[in-house]
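Colleague: Using the sequences and the hints given, assemble the complete structure.
Going down the list, the sequences are from chains A and B.
If you want the working numbering, it's the 1-based position in the first sequence plus 9.
If you want the working numbering, it's the 1-based position in the second sequence plus 10.
Calculated directly from the structure, the hints in this document are not laboratory data.
Don't take every hint at face value.
Said to hold, decoys possible - Restraint ranges, calculated between C-beta atoms of paired labels, are given here:
| hint | chain 1 | residue 1 | chain 2 | residue 2 | range |
| --- | --- | --- | --- | --- | --- |
| 1 | B | I274 | A | T117 | 40 to 46 angstroms |
| 2 | A | R205 | B | R95 | 57 to 63 angstroms |
| 3 | A | T117 | B | W66 | 46 to 52 angstroms |
| 4 | A | E229 | B | P466 | 50 to 56 angstroms |
| 5 | A | A134 | B | G200 | 57 to 63 angstroms |
| 6 | A | K142 | B | G541 | 37 to 43 angstroms |
| 7 | A | N135 | B | G200 | 46 to 52 angstroms |
| 8 | B | P196 | A | S43 | 30 to 36 angstroms |
| 9 | A | T235 | B | G94 | 37 to 43 angstroms |
| 10 | A | G21 | B | G94 | 57 to 63 angstroms |
| 11 | B | P203 | A | A134 | 35 to 41 angstroms |
| 12 | B | W383 | A | A209 | 56 to 62 angstroms |
| 13 | A | Q225 | B | R95 | 32 to 38 angstroms |
C-beta atoms are modelled at their ideal positions from N, C-alpha and C, and glycine is treated no differently.
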Amino acid sequence: MIELKHVRCGIGEQQFHYDLQLPEGEIVAVMGASGAGKSTLLNLLAGFVKPDSQVHGEGEIYLGGERVDTLEPSQRPMTSLFQEHNLFAHMSVYQNLALGIRSNLKLTTQEQRQVEQALEQVGLANMAGRLPKQLSGGQRQRVALGRALVRRKPLLLLDEPFSALDPALRHDMTMLLKTLCQQHQLSALVVTHEPRDALALAQQVVFIAQGRVHWQGTSEDFLQQTDAGIKAYLGENC
Amino acid sequence: MFKLRSWHAFSGISFLLVLLPLLTAVGAFLSYTEQAQWSLYMQESYTWRVVWFSWWQATLSTVISLVLALLVARSLARRTHFIGRWLMLRCFSVALVVPSIIAVYGIILLHGKQGYMNQLWHWLGGQPRSYVYGLVGILLAHVFFNLPLAARILLQRLEAIAPETWRLSSQLGMSSTDLWRHIEWPHLKGVLPQLAAMIFALCFTSFAIVMTLGGGPKATTIEVAIFQAIRFDFDMAKAVYLSLLQILFCGFILWCGLRLGRPIDMFASQGVGHSQLSLRPDTQSLMGKLHDTAVLLLATLLVLVPLVAVVIAGINDAWLQVLIDVRLWRAFVNSLWVALSSALLSLLMAWGLVLAQRYWRRHHPFAAEAVEWTGSIILVVPPLVLATGLFIGLRPHVDVFAINLYVVVLVNSLMGLPYMLRVLSVAYIKVSSDYDRLCSSLAIYGWQRLHQVEWPILRRPIGLAMALVAAMSAGDLGVVALFGSPDIQTLPLLMYQRLGSYQADAAGVTAVLLLGLSLTLFLVLERVLGGPRD
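Modeller: Following this line, the structure appears as structure tokens:
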């Protein structure tokens with residue numbers, strides 16, 4: 010179970026307040042209008058944003074029964090993946106993955122094997138020596154996924170990971186993500202704007218509006234919703 | 011047809027204004043080549059000592075400024091909530107327009123024999139030492155100017171690093187060393203060669219600082235040697251020889267700089283330091299805090315304290331006596347006139363050249379390129395060398411001491427020209443690509459176009475450029491010293507004389523007035539011409 014107990018934070022003028030329970034081992038789509046607070050939810054989970062001062066029993070975050078909001082970002086059992094800037098431009102694909110295991114890049118033979126395996130799983134086995142600039146946008150996100158695999162953290166936080174890609178490529182990547190999550194029994198929170206991606210990828214949808222969880226349910230239900238806020242977000246075509 | 015001719019004339023005058031002084035100077039140099047006893051100069055150990063010192067002090071200044079700037083930029087990037095941050099960045103941004111003589115004065119107040127440092131040292135039980143005149147003083151002054159410049163450019167680079175990168179680094183648990191190796195250094199190293207080239211060129215041609223703090227047999231650069239040859243030895247041939255040597259070296263330095271990449275804009279870092287949120291994972295450790303405190307204190311000591319010392323020294327009883335002195339106000343008016351004229355002339359020259367460049371860009375890209383080179387001549391023939399050429403070339407024909415302010419204006423506007431030209435040509439290209447089609451479809455031409463479309467876009471960069479040229483010209487102490495006569499004073503010259511004649515109180519008041527003039531010119535012109543900020 011992934012649980013946020015009345016986690017509050019204010020950024021500028023805007024107030025965010027999340028009270029949320031999500032099953033583990035599933036992919037959850039996080040949807041909502043721009044600025045509604047989707048990224049803030051992920052940033053709070055990852056520890057990039059600190060919650061406001063807490064009252065006892067409130068503002069706590071749990072993952073699989075363990076309290077995580079007291080941990081530093083690097084100690085939390087999760088891996089983030091952004092729309093871009095996931096890679097270090099001057100490092101090879103291999104080094105970018107190796108960074109996920111040890112930041113001085115000195116790997117044991119066994120760890121080197123892990124990196125090679127991860128590269129195979131994301132379909133980049135023959136590109137280990139390339140630099141990010143020699144890769145396409147989709148390949149770069151594959152590298153980032155590869156690093157998420159070698160980090161072996163149970164929860165993935167993906168903030169519009171494939172929004173910058175073409176529709177066909179986005180579909181491929183979505184499928185790859187789904188396969189990897191199933192193979193490695195990972196949970197994932199995916200911020201996306203595409204209802205189709207959400208349907209293809211996620212069993213659950215969390216809809217955020219004005220800094221709060223507005224609606225939560227299965228992805229099939231989500232598309233059938235008669236809720237005015239959701240209908241306004243999805244538009245007439247869906 | 012009339013329109014075409016009017017800009018032709020405008021551009022033509024600009025070209026003449028840029029090229030005539032240069033041709034006069036070169037002609038003057040060439041007329042002396044037969045008299046000059048080259049082989050004699052070549053053999054003189056003095057010449058080689060001067061050449062060696064020029065390169066040595068510029069190398070040291072560059073290395074020290076850059077290393078300190080890297081440390082300062084990193085500490086500023088880490089300490090987004092440090093209280094003095096705003097003040098420090100503000101001081102850094104105006105340090106560039108502080109007149110050299112004021113920086114020198116501040117450094118003497120701090121490091122001179124009766125300076126604060128020696129007082130502190132004495133209080134601690136040591137004997138006062140004299141270290142400010144010579145290499146140490148020159149380095150302190152060069153660091154005063156170049157540390158802020160470099161630190162701002164580097165800080166801008168650090169602030170351009172994507173927030174995702176910092177988040178990623180905190181998730182990967184990177185240490186401060188890792189951050190430096192994997193994030194900061196890769197982001198900074200690209201700009202270092204050009205930055206080094208720029209600082210080196212500035213230090214290699216910094217005349218006023220070396221004249222005031224150096225000048226002895228051990229600490230003289232080529233430009234100061236030229237000055238001494240003219241003013242003290244009346245040896246024109248030697249001045250010509252040294253000038254040609256300086257042109258050769260400056261050409262070489264420029265060539266090296268261009269091979270390292272496109273020159274960076276030394277004023278591009280306006281508005282740096284606004285990011286409020288530090289996402290870095292390495293801001294909490296005690297060692298990091300101690301390190302940053304030490305670095306920022308050092309930067310304060312090197313840059314802020316000299317300025318504060320100048321202001322403190324200006325608060326004394328000599329106010330009235332100085333302010334009722336007519337000479338001071340004549341000098342003040344002259345400086346103000348020099349500043350405004352230089353800024354305006356520089357703008358007009360640049361505008362004329364840019365119009366020609368715009369016309370040629372379509373058909374003769376090579377000619378458009380040549381325009382840029384024409385405007386950058388001052389980088390190869392530095393101000394003091396150009397002034398030397400003019401001095402020698404004009405002396406037989408006119409009373410050079412009577413026209414000194416005009417020469418000061420001309421040389422200062424040429425100094426601002428490379429920057430002015432780049433600012434204008436970049437802005438013009440943008441206006442052109444954004445609005446050419448729209449303007450022709452709406453039939454907006456000529457004056458209407460200038461007034462309605464171009465000015466609102468151009469005024470910001472023009473305002474900043476003119477503010478800088480004006481402030482720098484107000485503080486100029488190169489050309490004016492060479493052409494200086496007792497009758498025609500400027501504030502920096504007056505300040506220089508008072509500094510030399512031990513009128514401490516009068517010097518203090520003059521310094522505050524000069525500093526005030528430069529800063530006011532800079533801030534007012536930037537605001538007034540640049541227009542309201544968004």
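Colleague: Give a verdict on every hint.
Modeller: Going down the list of hints, with the structure as the test:
| no. | hint | verdict |
| --- | --- | --- |
| 1 | B:I274 / A:T117: 40 to 46 angstroms | holds (43 angstroms) |
| 2 | A:R205 / B:R95: 57 to 63 angstroms | violated (47 angstroms) |
| 3 | A:T117 / B:W66: 46 to 52 angstroms | holds (49 angstroms) |
| 4 | A:E229 / B:P466: 50 to 56 angstroms | holds (54 angstroms) |
| 5 | A:A134 / B:G200: 57 to 63 angstroms | violated (31 angstroms) |
| 6 | A:K142 / B:G541: 37 to 43 angstroms | holds (39 angstroms) |
| 7 | A:N135 / B:G200: 46 to 52 angstroms | violated (29 angstroms) |
| 8 | B:P196 / A:S43: 30 to 36 angstroms | holds (31 angstroms) |
| 9 | A:T235 / B:G94: 37 to 43 angstroms | violated (57 angstroms) |
| 10 | A:G21 / B:G94: 57 to 63 angstroms | violated (25 angstroms) |
| 11 | B:P203 / A:A134: 35 to 41 angstroms | holds (37 angstroms) |
| 12 | B:W383 / A:A209: 56 to 62 angstroms | holds (59 angstroms) |
| 13 | A:Q225 / B:R95: 32 to 38 angstroms | violated (43 angstroms) |
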